[in-house]
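Visitor: Sequence:
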Amino acid sequence: MINKPNIVLILTDQQRADTMGYAGDPVARTQHVDGLAAEGVVFRRCYATSPVCMATRASLISGKHVNDHGVWAMANPELRHGPSHVRNIRDAGYCTAVVGKTHLWPHGKGHTRDHIDEMHDYGFTDPMEMTGPSESVSTESPYTDYLREKGLLDTYREYMRTYLRGQAQGVSLPWELPPSLLPTEDHLDMYIARQASEWILTYRDVGPFYLQVCFGGPHDPWDSPAEYRRMYNADEIPLSITDQAIGPVSPHVEMLLKYAPAKLDTMSEAQNRVMKTYYYGKVSLIDDCIGRVIDALEEKGMMENTWIVFSSDHGEMLGDHGLIAKKVFYDGALNIPCIIRPPGGIEGWQSNGLTDHLDIGATLLDAAGAAPYEESDSRSLLPLITGGPDAPNAQVHKEAVLSEMGLPPMAYSMVRTDRYKMSVNTLTRQPLDLYDMEDDPNELHNQVDNPSLKAVRDELLSGHLNRLLSRMNLSSLKDNSRTQWLKK
1 MINKPNIVLI LTDQQRADTM GYAGDPVART QHVDGLAAEG VVFRRCYATS
51 PVCMATRASL ISGKHVNDHG VWAMANPELR HGPSHVRNIR DAGYCTAVVG
101 KTHLWPHGKG HTRDHIDEMH DYGFTDPMEM TGPSESVSTE SPYTDYLREK
151 GLLDTYREYM RTYLRGQAQG VSLPWELPPS LLPTEDHLDM YIARQASEWI
201 LTYRDVGPFY LQVCFGGPHD PWDSPAEYRR MYNADEIPLS ITDQAIGPVS
251 PHVEMLLKYA PAKLDTMSEA QNRVMKTYYY GKVSLIDDCI GRVIDALEEK
301 GMMENTWIVF SSDHGEMLGD HGLIAKKVFY DGALNIPCII RPPGGIEGWQ
351 SNGLTDHLDI GATLLDAAGA APYEESDSRS LLPLITGGPD APNAQVHKEA
401 VLSEMGLPPM AYSMVRTDRY KMSVNTLTRQ PLDLYDMEDD PNELHNQVDN
451 PSLKAVRDEL LSGHLNRLLS RMNLSSLKDN SRTQWLKK
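Number 488 marks the last residue of the sequence shown (the UniProt record's numbering); no jumps.
Source of the hints: derived by calculation from the structure; they are not laboratory data. Hints may contain errors.
Unchecked claim - Derived DMTMM-like pairs (lysine to aspartate or glutamate); straight-line CA-CA distance at most 20 Å: (1) 4 <-> 135; (2) 4 <-> 18; (3) 4 <-> 288; (4) 109 <-> 91; (5) 109 <-> 154; (6) 150 <-> 91; (7) 263 <-> 288; (8) 109 <-> 135.
Note that the coordinates shown come from a computational prediction; the quantities given were computed from them, not determined experimentally.
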């Protein structure tokens, strides 16, 4: 039997691509992720298939665009019986495990173990499912069991309830959020790191494994422990993009500004920097968590035979354009980290090729020697990685990537090419945003009404969007509860 490599997918929640040292951030302290970048390939232009948690995670596992799998906002329970890269990898002879938040089903009640059959249907042979921090208020998991045993659950849940009440009442100000009230070792992400490390250290099977380590942060609330907040000087934190935009504001951005859980229109520069300090603190916390997982692999002597893939489900606006969270097509919410470190590591390099979550799934299948997705727009990144930085195609991959989201009963789609980014009303194909990403990387000048760019709009629509939106599953858009969902 061929000695197949192990595969570890490290997936964070709501992490921007630019708030890490390897990405050029001047203050970020992310030594462990930077170490992966130094020994792997960084894909600078990796895009989320949706700026929404459940939609993008459904794409990662299924290899399908949102318009195909139909998870526009909330989960599709039938997806568990559809294509799954995890199931294909399991069928290729792997032990398939997950520690952390997959968010493949709606969190909100019961215990995560109640969904173990669902996780098995997706192909996980050894699942240890958690929820995100806020969902832990109403959903039990191994983490809440742990906090209950330590007498910390009431403290944790009251912190989260206070945060959620502030959001619901529209009085939550992210720069006023207190640090976590838990000891650092008892933070959700530290718990996930500890459980994942223990899983690696106690793995005894002779066959290979595919392990997903899915952290709950840096998704809000930015409950970074005080010691991590103290790592940053707020005066040194770069400001968000707050320049005055030119051109029309698309309807779904207007809606998000209206129903935002926190209003940033009166935020001062000092408050902006403090807010970002809390996010950076959580990014550094997770970086240390990733370091523990890497330490476990090193202790077991597995780094020479393990693929490590690091990414996130989507980004975080972090004050850019007056927004926090996601649900928009600005790069802050869509551009995600993507590092792929081959077994043994290589001399790190960076690619500007356009790629997305579908390609990450295809790459995992390729690395495992598993059956590829069927009828998928995905393309494995392995040929690009093995070709090296000097190959003719080292800086190119896809001609275009697609991102989609639903605000029931409406839906919106975005196409990104090498130079342009355009969003449309999915149902009518009416263009809403058009940005020249070469001349306007901060997306401040919406040129959707520029008559000189009509040919560009037509080409983006006929040459890319119509093909990428060819399989329309709109069933989940029938739920007309968008204002409540927007505030989550």
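Visitor: Next step is simple, just say for each hint if it's right about the structure.
Guide: Cross-check of the supplied hints:
1. 4 <-> 135: violated, 37 Å
2. 4 <-> 18: violated, 33 Å
3. 4 <-> 288: Not OK: residue 4 and residue 288 at ~28 Å, beyond 20 Å, violated.
4. 109 <-> 91: The given pair, whose Cα atoms are some 32 Å apart, is violated under the 20 Å limit.
5. 109 <-> 154: Between residue 109 and residue 154 the Cα gap is close to 17 Å, so the pair holds against 20 Å.
6. 150 <-> 91: Violated: residue 150 and residue 91 sit about 39 Å apart, past 20 Å.
7. 263 <-> 288: violated, 31 Å
8. 109 <-> 135: holds, 9 Å
In summary, the structure is inconsistent with hints 1, 2, 3, 4, 6, 7 from the numbered list given earlier, while agreeing with the others.
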